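> Chains as they are written, first to last, in this note's numbering: chain U, 1 to 198; chain L, 1001 to 1198.
The hints are simulated quantities; they were obtained by calculation from the structure and are not laboratory data. Among these hints, one or two may not hold up.
If you want the footprint, here are the derived chain U segments under chain L, 3+ residues with CB under 8 Å [what the hints assert, rightly or not]:
| no. | region |
| --- | --- |
| 1 | 51 to 58 |
| 2 | 109 to 119 |
| 3 | 122 to 134 |
| 4 | 163 to 174 |
Note that the structure is a prediction, hence the values are computed from the model and not measured. Just so it is clear, CB atoms sit at the ideal spot from N, CA and C, and this is done for glycine as well.
Protein chains: 2
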Amino acid sequence: MKIAVFGTGEVGTAMATRLQSLGHDVVFGSREAGPDKEGVPVLSHADAARHGEWIVNAMHGEHAMKTFPGLPLEGKLLIDQGNWQSAIDGPITETLGESLQRLLPQTRVVKAMNFVSAALMGHPEKLEGKHTVFVAGNDAAARAEVTQLLESIGWQDVLDLGDLSACRAMESMGPLWIRLNSVLDTVLFDIQVVRKPS
Amino acid sequence: MKIAVFGTGEVGTAMATRLQSLGHDVVFGSREAGPDKEGVPVLSHADAARHGEWIVNAMHGEHAMKTFPGLPLEGKLLIDQGNWQSAIDGPITETLGESLQRLLPQTRVVKAMNFVSAALMGHPEKLEGKHTVFVAGNDAAARAEVTQLLESIGWQDVLDLGDLSACRAMESMGPLWIRLNSVLDTVLFDIQVVRKPS
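Chain U with its partners taken away, still in its complex shape (with noise of 0.2 Å):
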């Protein structure tokens, strides 16, 4: 598959890394091309949006909705990791992937993994035991491609939240991991929906 990563931090870089080891035809999309990231090429984002199927947002929610407008992404697929800035300690009012969705109506957005640790997402198996990752978007057959994609890098429990509505849910997670992040001093932890088999 090709996938156009956006944003070349800490998460996009984990995501990139990870997917270009499974096989996976990865570039990254920044302001400017420049050379090789970490062995991922970085182009620029109109070139990086040409070449992706698959689109992923790694970039802060505020940043994405200035970046995306006008490129290539019509009929593709976006995995929009983001969260908005101002939510980390600061109420939402517009979730950052329903928002996504209405500026790209022509692009299926799937919301996943924004409240995952950068050091596990492409790798769950660092952190022992069963934990959860949540997707949601207004199409389901994307649900289950980005849920395939899951599976494909290691996490055994993904838990499909339907639409994007969901985002609300999601995207209301920043104070707790923030939260946790400090009280358990490290980045090695996850939440796990605990409930009975389906």
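Go by the hints and put chain L onto chain U.
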């Protein structure tokens, strides 16, 4: 222990009956005294406040903020299980736990179990597998006392989140609880924080 549970709804009843079954001397605090509810005496707010060495808030936040002022709660420990009704799908500006502590500066407020299903809060064993309950409060000794109480109820994984600024994390979990309840179509679910043993 003499315990007054404010709120006679599903949450208050779950807590009052379970605490009574553990041998505590439990009363409800209600707008008006009345006949026993499920074997627990129902006193007026003022009489219940006088009775309780510990107070449990099982009312919505908006109601709690109107009910507690003027009651004799000085020196007592208040377990706040409440949430703002407005926070179910709206943003949180001030947290309820911190608002109660400001309202009642002589009372030791401990936030706990604000997004645990009523069916589980008194009987965590109804859901197989380890799951986590959070406590937060400005007084470390009070957090330890509440931790002991929760363990006596059967909670095996009590996670101390520190002072009441953790209320933002705990009270922001509303949209997630609501969504999981809807998607899983049961109240028999809970969150576990998966992490390395400390």
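> Decide, hint by hint, whether the structure agrees.
Hint by hint, here is what the structure shows:
1. 51 to 58: violated (count 0)
2. 109 to 119: violated (count 0)
3. 122 to 134: With 5 residues closer than 8 Å to chain L, the region 122 to 134 of chain U meets the three-residue bar; holds.
4. 163 to 174: Coverage by chain L holds for the region 163 to 174 of chain U (7 residues, Cβ < 8 Å).
In summary, the numbered hints that this structure violates are 1 and 2.
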